[in-house]
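> Chains as they are written, first to last, in the numbering used here: chain A, 9 to 217; chain B, -12 to 207.
None of these hints come from the bench; they were simulated from the model. A few of these clues could be false.
Said to hold, decoys possible - Calculated pairs, DSBU-like style, for lysine-lysine (alpha carbon to alpha carbon, straight line, at most 30 Å):
id	chain 1	residue 1	chain 2	residue 2
1	B	79	A	213
2	A	65	B	13
3	A	58	B	83
4	A	65	B	55
5	B	79	A	82
6	B	112	B	83
7	B	55	A	206
8	A	213	B	55
9	A	58	B	13
10	B	83	A	65
11	B	61	A	82
12	B	13	A	82
13	B	112	A	213
14	A	82	B	88
15	A	202	B	79
16	B	58	A	82
17	A	128	B	55
18	A	213	B	58
19	A	72	B	58
20	A	58	B	79
21	A	72	B	55
22	B	124	A	65
23	B	55	A	130
24	B	55	A	203
25	A	82	B	112
Stated by the list, open to error - If you want a taste of the chain B side facing chain A, the calculated C-beta under 8 Å gives, among others:
id	residue
26	136
27	139
28	142
From the three backbone atoms N, C-alpha and C, an ideal C-beta is built for every residue, glycine too.
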Amino acid sequence: MRPNKKIFMSVCIVIGIFFIVEAAGFYMARSVHSRDREVVTPDRDVLMAKNRELWQKISSLSPKRVHIVVDTAKNILYLRNGNRIIREMVVSCGSGNILEDPAGDRVWVFDTPRGEHTIKSKLVHPNWVRPDWAFIEEGEPIPQNATDRMQEGVLGDYALGLGNGYFIHGTLYTRLLGRNVTHGCIRVGDEDLKKIFKTTPIGAKVTVF
Amino acid sequence: MITQLVLVLILSFLPVGISGAADHYKSLKEDNRLMELELSLASQPQVYFIFDLRERQVTLKSRGIVLKGLKIRKVEVWGGPDTIGEYRLLRKSALKKPGRKEVRPGGKEGELGEGEFELETLELKDMPSRYRLDFEKGIVISVLPEPDGFISELYHTGFTILWYLSRPFFTIWNYLLNKPYAAMLLTMPGEDARALYWSFYEGLEAIIRFPYSDPVSDAA
C-alpha cells in the first residue's frame, strides 16, 4: 500500500470511529432521557387540592415577623417583616481572609457564616472582648488576664449576638461600608444599627447567604 | 345550517381544548413535584437553590422565601432525567479559582500611605464567571458568561460546539464506569454567574427542573 493511501485510510478509520462514538453516545444519552419517565396519573382535582395544601405548608414556614436577610456578596442587609422589606442597609461582611497562628496549628477564616441564625443576645454600649486572633493579627502577645482583652467603643452603640462570637454591630470605619472587610461580623452604620436594635427581638431569624 | 356551522366550530376547537387540558394537567403535576421537594428543603434551617431550566432562572430561597433571583440566558442540555429532582452540590471548580488572601501577623502590607490603604479581601468581583458545578447522581452544570463582543461570541460558539462534540465521549465513559451522567451548559449574565458562584457552596441542596420535564407524558 502506498504511504498516501495508508494515511488516507488511517484518517478515514479515525473519523469513522469518532462518528460511531458520537452516535453511540448520543443514542445512550437519549435512552437515559426516556427511561426515567413517570406515568403516575392522579385525579386532576386531587392534584389541585394537594398543590394548594403544599403551597400553604411552604408559606407557613416563612418567618411572619421581623427578620433579617444578609446578602454577603452585595453587602446589603434587608430588615424584613414577613415578605415586606422595611429597610435596606449597606453593611460590611467577612473579608474571606485567612490568618494562621505562627505558634500553633490554629487557622481562622474570616467569613460571615452562611445559613440560618437567630438573634441570641442584644447589648447596649457593648465592649469588645478581643479574641486571640485580634492579638495575633496585630503581632501582639495574647494576654492572660481577661480584662486586658476588653476594648470600649469599637462596636458602636449596640450589638446583636448571633452566637459563636459573631455579632451585628456598629463601626468606626463607615467609609468601608459596602465592602467585605470584617472578621466575620456584620458591621452596620449608626442609624441603621439603631433601627435594627429597636425593631428586631431576641429569637428573630437572620438568614445569611 | 347554523347548527352545522356551530358543530363544525366546536369540533375544530376540540383538539385545542384537549391539548390545553393536557398541558394544564402536566403543569399541575410539575408544580406538585416541585412543591413536594421544596417543602422538604424549606422545612430545614438552610438556604437552597431552584434551577428552573425551562423558565431559565435560578432562585435562591430559604424557608420558602426568595432571597435572590438569577437569570439564565441560554440552556444546552445533554441527557439526564426528564423529571424534577433534588441534588446536592458535591464540588464547584473553576480554571481561575479565587484564592483567599493570607493575613500576615503584624503585617502592614495593605498600607499605601497616610490614610490610604489597599483592601485585600475576597469580593464578588473576584469570583469566576466560567466554572463547573458537580452534583450528585452525575449531574454536571457548566456556567459561561454572556458574550459581550465579537471575540467572546466566537469563544462562546466554539466552546458550545466542542461541548456538544465531547458529550458522547463522557456519556460512554461514564456508562463504562456504570455511573449516571447528564450535562448542562448555562449562559448567564456575568454578574449573575459570579453571584451564583459566591452563594452556592459544597453541600447545598438544589432542585433542578430540566427543560423538557415531562412527568405525565403518557397521561391525561
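> Hint by hint, note whether the structure agrees.
Quick rundown of the hints versus the structure:
A threshold of 30 Å between alpha carbons decides the hint, and for residue 79 of chain B with residue 213 of chain A the separation of about 28 Å falls inside it, so the pair holds. A distance of roughly 22 Å separates the Cα atoms of residue 65 of chain A and residue 13 of chain B; the hinted pair therefore holds under the 30 Å criterion. Distance restraint check for residue 58 of chain A and residue 83 of chain B: the Cα-Cα separation of roughly 46 Å exceeds the 30 Å cut-off, and the hinted pair is therefore not satisfied. For the hint pairing residue 65 of chain A with residue 55 of chain B, the CA-to-CA distance comes to about 21 Å; that is within 30 Å, so the pair holds.
For the proposed pair residue 79 of chain B and residue 82 of chain A, the alpha carbon gap of about 21 Å is at most 30 Å, so the pair holds. In summary, the hint linking residue 112 of chain B to residue 83 of chain B is supported, as the alpha carbons are separated by about 13 Å, within the 30 Å threshold. The hinted pair formed by residue 55 of chain B and residue 206 of chain A meets the criterion: a straight-line CA distance of about 26 Å does not exceed 30 Å. Between residue 213 of chain A and residue 55 of chain B, the direct Cα distance comes to roughly 17 Å. Compliance with the 30 Å bound is thereby established for this hinted pair.
A C-alpha spacing of about 14 Å is found between residue 58 of chain A and residue 13 of chain B, which places the hinted pair at or below 30 Å, so the restraint holds. Of the supplied pair hints, the one linking residue 83 of chain B and residue 65 of chain A is violated, its CA atoms being roughly 42 Å apart against a limit of 30 Å. The hinted pair formed by residue 61 of chain B and residue 82 of chain A meets the criterion: a straight-line CA distance of about 25 Å does not exceed 30 Å. A C-alpha spacing of about 38 Å is found between residue 13 of chain B and residue 82 of chain A, which places the hinted pair above 30 Å, so the restraint is violated.
Restraint check: the Cα-Cα separation between residue 112 of chain B and residue 213 of chain A comes to about 28 Å, which is no more than 30 Å; the hinted pair holds. For a cut-off of 30 Å, the pair hint linking residue 82 of chain A to residue 88 of chain B stands: about 19 Å separates their Cα positions. As the CA atoms of residue 202 of chain A and residue 79 of chain B are separated by approximately 39 Å, the hinted pair breaks the 30 Å bound. Between the alpha carbons of residue 58 of chain B and residue 82 of chain A the distance comes to roughly 17 Å, so the proposed pair stays at or under 30 Å and holds.
Our distance criterion of 30 Å between C-alpha atoms is met by residue 128 of chain A and residue 55 of chain B, whose separation comes to about 26 Å. The straight-line distance between the Cα atoms of residue 213 of chain A and residue 58 of chain B is roughly 27 Å, inside the 30 Å bound, and the hint therefore holds. The straight-line distance between the Cα atoms of residue 72 of chain A and residue 58 of chain B is roughly 28 Å, inside the 30 Å bound, and the hint therefore holds. Of the supplied pair hints, the one linking residue 58 of chain A and residue 79 of chain B is violated, its CA atoms being roughly 36 Å apart against a limit of 30 Å.
At roughly 19 Å between alpha-carbon atoms, residue 72 of chain A and residue 55 of chain B fall within 30 Å of each other, so this suggested pair holds. Restraint check for residue 124 of chain B and residue 65 of chain A: the C-alpha separation of about 28 Å stays at or below 30 Å, so the hint holds. As the CA atoms of residue 55 of chain B and residue 130 of chain A are separated by approximately 28 Å, the hinted pair is consistent with the 30 Å bound. Between the alpha carbons of residue 55 of chain B and residue 203 of chain A the distance comes to roughly 24 Å, so the proposed pair stays at or under 30 Å and holds.
Proximity of residue 82 of chain A to residue 112 of chain B is assessed by CA-CA distance (about 10 Å); at most 30 Å being required, the pair is judged to hold. Of the supplied interface hints, the one on residue 136 of chain B is violated, with its beta-carbon coming no nearer than about 25 Å to a beta-carbon of chain A, more than 8 Å. For residue 139 of chain B, the interface hint is violated, the least distance from its beta-carbon to any beta-carbon of chain A being 23 Å, above 8 Å. About 23 Å separates the beta-carbon of residue 142 of chain B from the nearest beta-carbon of chain A, more than 8 Å, and the hint is not met.
Hint violations for this structure: numbers 3, 10, 12, 15, 20, 26, 27 and 28, all remaining hints satisfied.
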